[in-house]
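If you read the sequences in order, they're chains Y, G and B. All letters in the first sequence, in the order written, are residues 6 to 262 by our numbering. All letters in the second sequence, in the order written, are residues 53 to 321 by our numbering. All letters in the third sequence, in the order written, are residues 3 to 157 by our numbering.
These aren't lab readings, by the way, just hints derived from the structure by calculation. This structure is a prediction, so every number in the text was calculated from the model and none was measured. A couple of the hints might just be wrong.
As the list claims (entries may be wrong) - PhoX-like cross-link-like pairs, simulated, lysine-lysine; straight-line CA separation at most 20 Å:
#	chain 1	residue 1	chain 2	residue 2
1	Y	K49	Y	K144
2	B	K55	B	K29
3	B	K7	Y	K49
4	B	K61	B	K47
5	B	K61	B	K45
6	G	K137	Y	K144
7	B	K55	Y	K200
8	G	K243	G	K88
9	Y	K49	B	K6
10	Y	K42	G	K137
11	G	K88	G	K67
12	G	K90	G	K141
13	G	K67	G	K102
14	G	K88	G	K141
15	G	K170	Y	K42
16	G	K284	G	K261
17	Y	K200	B	K29
18	B	K45	B	K90
19	B	K90	B	K61
20	G	K243	G	K261
21	Y	K42	B	K6
22	Y	K144	G	K170
23	G	K67	G	K276
24	G	K137	G	K170
25	Y	K42	B	K7
26	G	K102	G	K90
What the hints assert, rightly or not - Quick partial rundown of chain B residues pointing at chain Y, CB under 8 Å, derived from the structure:
#	residue
27	V8
28	V12
29	G19
30	S22
31	L23
32	F25
33	A27
34	A31
35	K55
36	R57
37	S58
38	R69
39	Y92
Note that the Cβ used here is the ideal one computed from N, Cα and C, for glycine as well.
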Amino acid sequence: MNWIQHLGRNAIDRVAAIGRASMMLFGAIFGKPNFVKGFPLLVKQLYVVGVLSLIIILVSGLFIGMVLALQGYTVLVGYGAEGSLGQMVSLSLLRELGPVVTALLFAGRAGSALTAEIGLMKATEQLTSLEMMAVDPLKRIIAPRFWAGVISMPILALMFSSIGLLGGHLVGVEWLGVDSGGFWSVMQASVDFEKDVLNGVIKSIVFAIVVTWIAIFKGYDAIPTSEGISQATTQTVVQSSLAVLGFDFVLTALMFG
Amino acid sequence: MSEQNNTPAPLVELKNVTFSRGDRLIYDDISMSFPKGKVTAIMGPSGIGKTTLLRLIGGQLRPDSGEILVADKNIPSLSRSELYKAREKMSMLFQSGALFTEMSVFDNVAFPIREHTKLPEDIIRSMVLMKLESVGLRGARDLMPNELSGGMARRAALARSIALDPELIMYDEPFVGQDPISMGVLVRLIKSLNNSLNLTSIVVSHDVKELMSIADYIYIIAEKRVIGHGTKEQLLASESPLVQQFLKGEADGPVPFHFNASPLAEDLM
Amino acid sequence: MNSKKVELLVGFFVALGIASLLFLALKVAGTNVSGSGDTYQLKAKFENIGGLKVRSAIKVGGVIVGRVEAITLDLEDYLPVVVLAIDKNYDNFPDTSSLSILTSGLLGEQYLGLTPGFIDETVEILGDGDYIEDTKSALVLEELIGQFLFSQGSE
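Only chain Y is shown next, with the shape it has when bound in the complex (with noise of 0.2 Å):
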């Protein structure tokens, strides 16, 4: 019997958390949002969430679209559909790569980040602090983190995107010898805006919003000693990469089954 009482004692605390998770959320972001305050806080975290991230998704999309036009054109080429290249780079990049990718570096990077910084500030007596001078940490310190991240992710998963097909082409076109323009016009033949590009950025939304979620909640929720943030911090990692690639298979059905 005692694996059963396991279970059931890890599924109460699961569920105690998910329901911590939503309250937390719930109280940052919901309620009156002060404007004049909140949006020079917003922006700094942008620069910290977003702007810092720039450097790894750029380089790591510029590299896998490159990779993604070599591994192509040696299959196509075999089939002598080599020109398809551009569709295959395309499609690949703005219906999984570019959202999910993102997600996951920015999970390494950002949310990490994140997590550390909040469970420090728990830890630290910061966000107590904060409570007692009559300041809602939720507000101050959560909701213009959550916002930051629901924010950037979408815009970076665009950038890996273009920035991995400037890579694809220069692989396919510059090194390879694909035609240009059939490179391009194979490409937007095939790539529609709505279903492809939208759908991936709705993609992108939907990870920001859970990546995020879990970062800053495993940050407010970590034990304030160095041993309980790192392990916040691993969690982080491990469940929002996980969350994403299980919801990127629930929306793929959704969108693409």
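Keeping the supplied structure of chain Y fixed, place chains G and B upon it in accordance with the hints.
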């Protein structure tokens, strides 16, 4: 446990407060009162939840039963917005100082003023400089918290807690980990701020000597309840063995050296 | 870091994001703002255009001379009409030229192959809006197989 007759009206009062965390009972039906304009000390061995007491007064924790009155308002029964209103009158100095690490000392002290008032920046500047002057850190205003020593960080945090001229200030273990000089500075600051700003101070600590020198009234807590209270003289004259053990710092006595456990022989079998 | 610089970088970040969206919308999804002006139009009717798409290439001996601009259906004879945009540099194809729908490779995309015809004094040069009369439709696999089976059966 005689009633005080010459103390002013209490600003903070705990009436029959019981609090437990999970299954563990922390406070069992305790009552205390903290007179206005005085320094009241709460002493006791570590690990009995002295910080918890301050959180109860600050409304961050709710007691299982009993009343906590701050300026005649029962803190546990306040709504969220009323509680935030009440907290603007109180202030707490945390063990670590809890300065915001991404802001300079100046911005840290200015933070509560900017949050709660709409004063122009030049008035805020002079207010902040005055507060920093009173803790002797006017010259350190542009430093970041990680550039301060532990004692300086605590003084900067003290300047921040008095930024909005609160009525009540709670010190959570202000002397922990301080060298004798910064300890002396803090002791002097607590006393002088209390007198010059007409604050009500509650100091939680287990540094007997320092507290004795500044406290007007002292509570000793152990084993979930108040085991002794009174002025310094009253306590020193107390016949309670518990109080004497604590004041003299004896290792074993009525407060046992060992954490509750089954007999050693039984454990080793 | 002062807040001016932060604001500037965030502004730059958002602008770059919008630029990416525009790039994806216009260049990749081909939500087309009309192309360059130096082309002229030819038209051609086919029996069947197969997998030909807008923006497919038009090649003469492998050299791209233009792209498919539009594909419509003529409602009188229910035949597809393909509008070709040909580069102005190649403006002397005779009206004896023929057009066929070809496939690059076994599985590749389809394109239009333009074969210039002979020129003598009775032949006119194709101008803007003219029809190319001689067209060969796309090969549809099912029809080929059908014909093959039919010819096998009749033997």
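Against the structure, the hints come out as follows:
no.: 1; hint: K49/Y / K144/Y; in the structure: holds (15 Å)
no.: 2; hint: K55/B / K29/B; in the structure: holds (17 Å)
no.: 3; hint: K7/B / K49/Y; in the structure: holds (10 Å)
no.: 4; hint: K61/B / K47/B; in the structure: holds (17 Å)
no.: 5; hint: K61/B / K45/B; in the structure: holds (15 Å)
no.: 6; hint: K137/G / K144/Y; in the structure: holds (16 Å)
no.: 7; hint: K55/B / K200/Y; in the structure: holds (18 Å)
no.: 8; hint: K243/G / K88/G; in the structure: holds (14 Å)
no.: 9; hint: K49/Y / K6/B; in the structure: holds (10 Å)
no.: 10; hint: K42/Y / K137/G; in the structure: holds (19 Å)
no.: 11; hint: K88/G / K67/G; in the structure: holds (17 Å)
no.: 12; hint: K90/G / K141/G; in the structure: holds (16 Å)
no.: 13; hint: K67/G / K102/G; in the structure: holds (16 Å)
no.: 14; hint: K88/G / K141/G; in the structure: holds (13 Å)
no.: 15; hint: K170/G / K42/Y; in the structure: holds (11 Å)
no.: 16; hint: K284/G / K261/G; in the structure: holds (11 Å)
no.: 17; hint: K200/Y / K29/B; in the structure: holds (16 Å)
no.: 18; hint: K45/B / K90/B; in the structure: holds (15 Å)
no.: 19; hint: K90/B / K61/B; in the structure: holds (14 Å)
no.: 20; hint: K243/G / K261/G; in the structure: holds (14 Å)
no.: 21; hint: K42/Y / K6/B; in the structure: holds (16 Å)
no.: 22; hint: K144/Y / K170/G; in the structure: holds (19 Å)
no.: 23; hint: K67/G / K276/G; in the structure: holds (14 Å)
no.: 24; hint: K137/G / K170/G; in the structure: holds (16 Å)
no.: 25; hint: K42/Y / K7/B; in the structure: holds (19 Å)
no.: 26; hint: K102/G / K90/G; in the structure: holds (19 Å)
no.: 27; hint: V8; in the structure: holds (5 Å)
no.: 28; hint: V12; in the structure: holds (5 Å)
no.: 29; hint: G19; in the structure: holds (3 Å)
no.: 30; hint: S22; in the structure: holds (4 Å)
no.: 31; hint: L23; in the structure: holds (5 Å)
no.: 32; hint: F25; in the structure: holds (5 Å)
no.: 33; hint: A27; in the structure: holds (6 Å)
no.: 34; hint: A31; in the structure: holds (4 Å)
no.: 35; hint: K55; in the structure: holds (4 Å)
no.: 36; hint: R57; in the structure: holds (4 Å)
no.: 37; hint: S58; in the structure: holds (7 Å)
no.: 38; hint: R69; in the structure: holds (6 Å)
no.: 39; hint: Y92; in the structure: violated (15 Å)
The earlier numbered hint that this structure contradicts is number 39, and it is the only one.
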